[in-house]
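K.L.:
Sequence:
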Amino acid sequence: MAASKQTSAGPLVGAVVQGTNSTRFLVFNSQTAELVCTHQVELTQEYPKEGWVEQDPKEILKSVYECIAKACEKLAEVNIDISNIKAIGVSNQRETTVVWDKFTGDPLYNAVVWLDLRTQSTVETLNKKIPGNSNFVKSKTGLPLSTYFSAVKLRWMLDNLRPIQKAVEEGRAMFGTIDSWLIWCMTGGVNGGIHCTDVTNACRTMLFNIHSLEWDKDLCDFFEIPMSILPNVCSSSEIYGLITSGALEGVPISGCLGDQSAALVGQMCFHEGQAKNTYGTGCFLLCNTGQKCVFSEHGLLTTLAYKLGKNKPVFYALEGSVAIAGAVIRWLRDNFEIITTSGEVENLAREVGTSYGCYFVPAFSGLYAPYWEPSARGIICGLTQFTNKCHIAFAALEAVCFQTREILDAMNRDCGIPLSHLQVDGGMTNNRILMQLQADILHIPVVKSVMPETTALGAAMAAGAAEGINVWSLEPEDLSAILMERYEPQIQATESEIRFSTWKRAVMKSMGWVTAKDPENVDNPVFSCLPLGFFIVSSMTLLIGARCVSTAEE
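Each residue of the sequence shown is one higher than the one before, starting from 9 at the first, in our numbering.
Hints listed in this document are in silico derivations from the structure and should not be mistaken for laboratory results.
Hints may be right or wrong, so weigh each one.
[Claimed, not checked] Simulated restraints, written as ranges between beta carbons of each label pair: (1) 52 <-> 428: 39 to 47 Å; (2) 487 <-> 254: 27 to 35 Å; (3) 221 <-> 178: 27 to 35 Å.
[Stated by the list, open to error] With a straight-line cut-off of 25 Å between C-alpha atoms, the simulated DSS-like cross-links for lysine-lysine are: (4) 225 <-> 136; (5) 318 <-> 300; (6) 110 <-> 174.
Each residue gets a CB set at the ideal place from its N, CA and C atoms; glycine is no exception.
Generate coordinates for the entire structure from the input sequences, incorporating the hints supplied.
P.N.:
Written as structure tokens, this is what we have:
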């Protein structure tokens, strides 16, 4: 992105946005919140077995340094001195788990990604261990026992990987989510790197007590994870350390937020009741519940929204997590091959303007909120001889909107006050058909930021506002106004309800398709004669059992 010379007038703040599909580095003017430049590097995912998703931590680290270097080159091309960059923040895919050797700096295994399903039998074993109080884990963490969270991934590593077992025994192992791995490496690694995380990432491990704001000994004992390997927990906005190499050597890292919390901050949802929905590979609806911890009775997660300073209060949020949103478009491109670029799905959907009774439930990784049903698999139903790829493309977009409707309804029931509009961000919001569909299906206005990089903006705001940096004011009167684009509902509420109720019937049909006792066994006889559990019923009414072998960004 080209920048004008005027953008160099104020101090600049950088933001690393590390996702599953790519890494980006963005630079903002701290006085105006203007995006000055950006660079992105695509990443690869590895699929050693069906349902397993891994990444190379060294590739992730290399991509961060490459993005920073290329962005600095772009700044130099438009005569902006990189010394104007006063701090950087880190935003990251949450839950993805890394274990490395603190003496060599080498990862002891690939990063196990948040969507990975290998730990289902681990979850089942742990469920049997829960004490008499069935809310033992959720009451402390706000989370259900699920393959989604870091503790079960780490437990699987400790049970199955001898190099990690040995490193723990010898006191060499360090655990962290992606933010911890990056900050440790960038602040020196084996030469004094800072082993830390922030509260928004710590609370997604299932080892962190969201009330006391510290690692919980009872939880660590339950998962049999040694507390010695855990990072130090910090606020989301403070100086963690200085970058020790590369183009920004000496610049402080002073902001750290899990990607969905970063988007909440970037959308400036600082008041109780404000909510945002991010459309990435997954879909994540967060509602700020203020300084009180609200537990859901309708399948949502209780999570930490942010803590913007060592001595600042912690804010909580209710979260609805959908595993597959943008990833369904990638599936249509890479697996189903009805499009060659992700952008084509909007054109296909526009051609027909309807799914013609076709419904798509993309439960490639089971169902997350509000169901938390790991046995579900993908389903396309309502097919007729008239159905074509345009209808399926439209149904895929509708699926994202229906899933959002489910978690929004759950959130309205938990909060007691229905949202009057929905603020949205993320790459998929560039799809106008999707945004109009979302307004129609929710039957409330959808409000989109004209500046789509709200996740990066939130990380930059946290970094720039940190004590000792102080180049970005978070006072309400100083925050730059964000230009919004508004989508109003264009269909009757009755039509919206009919379509939504039909969707829910489809969801019920998607459940119970994994019947094996051990989903970790890829040679399971249930699927031995079928490609990825995939069935087409001859009446053309049901296509079910679809799984995603190409996942992307949280």
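K.L.:
Hint by hint, say whether it matches the structure.
P.N.:
Here is how each hint holds up against the structure:
| no. | hint | in the structure |
| --- | --- | --- |
| 1 | 52 <-> 428: 39 to 47 Å | holds, 42 Å |
| 2 | 487 <-> 254: 27 to 35 Å | holds, 31 Å |
| 3 | 221 <-> 178: 27 to 35 Å | holds, 30 Å |
| 4 | 225 <-> 136 | holds, 19 Å |
| 5 | 318 <-> 300 | holds, 18 Å |
| 6 | 110 <-> 174 | holds, 13 Å |
In this structure, every one of the numbered hints holds.
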